[in-house]
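Line by line, the protein sequences are chains A and B.
Going by the numbering used here, the first sequence opens with residue 1, and the numbers climb by one from there.
Going by the numbering used here, the second sequence opens with residue 104, and the numbers climb by one from there.
There may be inaccurate statements among the hints.
Chain A stretches covered by chain B per the calculated footprint, using a threshold of three residues with CB under 8 Å from any CB of chain B [unchecked claim]: (1) 18-27; (2) 30-40; (3) 43-54.
Keep in mind the hints are simulated off the structure, nothing from the lab.
No experiment lies behind these values; they were computed from the predicted model shown.
For each residue, glycine too, the CB sits at the ideal point set by N, CA and C.
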Amino acid sequence: MEKVVKLASENGILIFSKSTCCLCYAVQMLFKELGANPSIYEIDHDPAEGKDIEKALMRMGCSGPLPAVFVSGKLVGSTNEVMSLHLSGSLIPLLKPYQPNMS
Amino acid sequence: MNSTSARFVPSKRMGICEPMHQMAMWDFKGNNFLETSPPSMFEIETNLDNLSEDTSHGTVGPSSKYDQEASKSDDKVRRRLAQNREAARKSRLRKKAYVQQLESSKLRLIQLEQELHRTRLQQGQYVGGGIDTSQLGYSETTNPGIATFEMEYGQWVEEQNRQISELRSALNSDMGDMELHIFVDCGMRHYSDLFTMKATAAKADVFHIISGMWKTSAERFFLWIAGFRPSELLKQILMPNLEPLTEQQRLDVSNLRQSCQQAEDALSQGMEKLHYILAETIAEGQLGEGNYLHQIGSTIDKFEALARFVVQADHLRQETLQQIYRILSTRQAAQGLLAMGEYLQRLRTLSSCWSSRPTEQT
Numbered sequence: 001m002e003k004v005v006k007l008a009s010e011n012g013i014l015i016f017s018k019s020t021c022c023l024c025y026a027v028q029m030l031f032k033e034l035g036a037n038p039s040i041y042e043i044d045h046d047p048a049e050g051k052d053i054e055k056a057l058m059r060m061g062c063s064g065p066l067p068a069v070f071v072s073g074k075l076v077g078s079t080n081e082v083m084s085l086h087l088s089g090s091l092i093p094l095l096k097p098y099q100p101n102m103s
Numbered sequence: 104m105n106s107t108s109a110r111f112v113p114s115k116r117m118g119i120c121e122p123m124h125q126m127a128m129w130d131f132k133g134n135n136f137l138e139t140s141p142p143s144m145f146e147i148e149t150n151l152d153n154l155s156e157d158t159s160h161g162t163v164g165p166s167s168k169y170d171q172e173a174s175k176s177d178d179k180v181r182r183r184l185a186q187n188r189e190a191a192r193k194s195r196l197r198k199k200a201y202v203q204q205l206e207s208s209k210l211r212l213i214q215l216e217q218e219l220h221r222t223r224l225q226q227g228q229y230v231g232g233g234i235d236t237s238q239l240g241y242s243e244t245t246n247p248g249i250a251t252f253e254m255e256y257g258q259w260v261e262e263q264n265r266q267i268s269e270l271r272s273a274l275n276s277d278m279g280d281m282e283l284h285i286f287v288d289c290g291m292r293h294y295s296d297l298f299t300m301k302a303t304a305a306k307a308d309v310f311h312i313i314s315g316m317w318k319t320s321a322e323r324f325f326l327w328i329a330g331f332r333p334s335e336l337l338k339q340i341l342m343p344n345l346e347p348l349t350e351q352q353r354l355d356v357s358n359l360r361q362s363c364q365q366a367e368d369a370l371s372q373g374m375e376k377l378h379y380i381l382a383e384t385i386a387e388g389q390l391g392e393g394n395y396l397h398q399i400g401s402t403i404d405k406f407e408a409l410a411r412f413v414v415q416a417d418h419l420r421q422e423t424l425q426q427i428y429r430i431l432s433t434r435q436a437a438q439g440l441l442a443m444g445e446y447l448q449r450l451r452t453l454s455s456c457w458s459s460r461p462t463e464q465t
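Work the whole structure out from these sequences, hints included.
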């Protein structure tokens, strides 16, 4: 979907979220903990295209579908994928280009 | 509600050892344990009686052939003595095995008492246990998803205990890595099975899972989102009990622990937010009006989020175990599984001893 692609390419780290979704909040907290500063797009605050975005994310294979994490324009995945990456030590290197002062 | 699959062994022997024999059989499914069943005292005594009878036969013979008979008797006596020694040796070995089985049975008995206590608790037979037994009795015994889970979990624990014994024996023997690997894989799959069971049960009744009602009281105290805390597992249970790690392993485990900690913190914060939102939803509108069906309805919808957290926490546990598996050698992984298994056993035994301690019941 165009909007998804556009937003993803405009932001180094992008998280599609819902303001009422606590798991989305948890993932945001993780990124903050790691010193990253992701852009958050709350789809429930987008009455026009919010539902379409959610459908598009599902079609792209995102397991949540929310939260949906994009880094460098590419879909990383939902909570499962983010957690797996982090535990294997592969998340921080992925985020490094976007943060000059990461912990 | 909890299954203790009753295995009744028809007694083939008479005498005082009968109950002991049955108890010993409960423990093992019959496969890979002792090759010999425990002897009854009756059997041991009979054997010794037979020997002494034989010895007396050996000295009987006609006196005219005294010299020949004398040397033959000597041989026979020597043979009998050797047989006696052998029989005594075997008897000692059997006794040792028997004592070991008794000790396992004792542990098993403690576990059974604990399960019985839990069953009674759930059926509201105990008063003042800090549980609203009317709620408990109704919802949980009639929820088929939970009833199934409780039964499967009971079996899971039995299998776990069996695997722990096997791991212990395997590590104490000179088993090679190839064989040990099989035990490790078995253990990993067993945990995987538990997470699958929990996911299904969380859909049936997330409160039952997240409150730890299916676990013993001591385990419940240490609960973090329906299970163990991965970073705690790494630091307190695994690290002190593994064969010396290489520098690389040490670094990998340290990094893993930090990642676990960060992931746990993130999930904990998410849970806090959910807690807040749920409380807010319940308290919506004027408290005191007496009309609150709407609030109940909208809160129930949000419970799905709770189940997602349980699944996510279990996913974290699963991933941690996978990473450990990758970092450690086969032998270390086996030690790790054994340490973890025994830790949980200790908690369960503690709960059982605690609940059966003498107290004043009003």
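Going down the list of hints, with the structure as the test:
no.	hint	verdict
1	18-27	holds (count 7)
2	30-40	holds (count 3)
3	43-54	violated (count 0)
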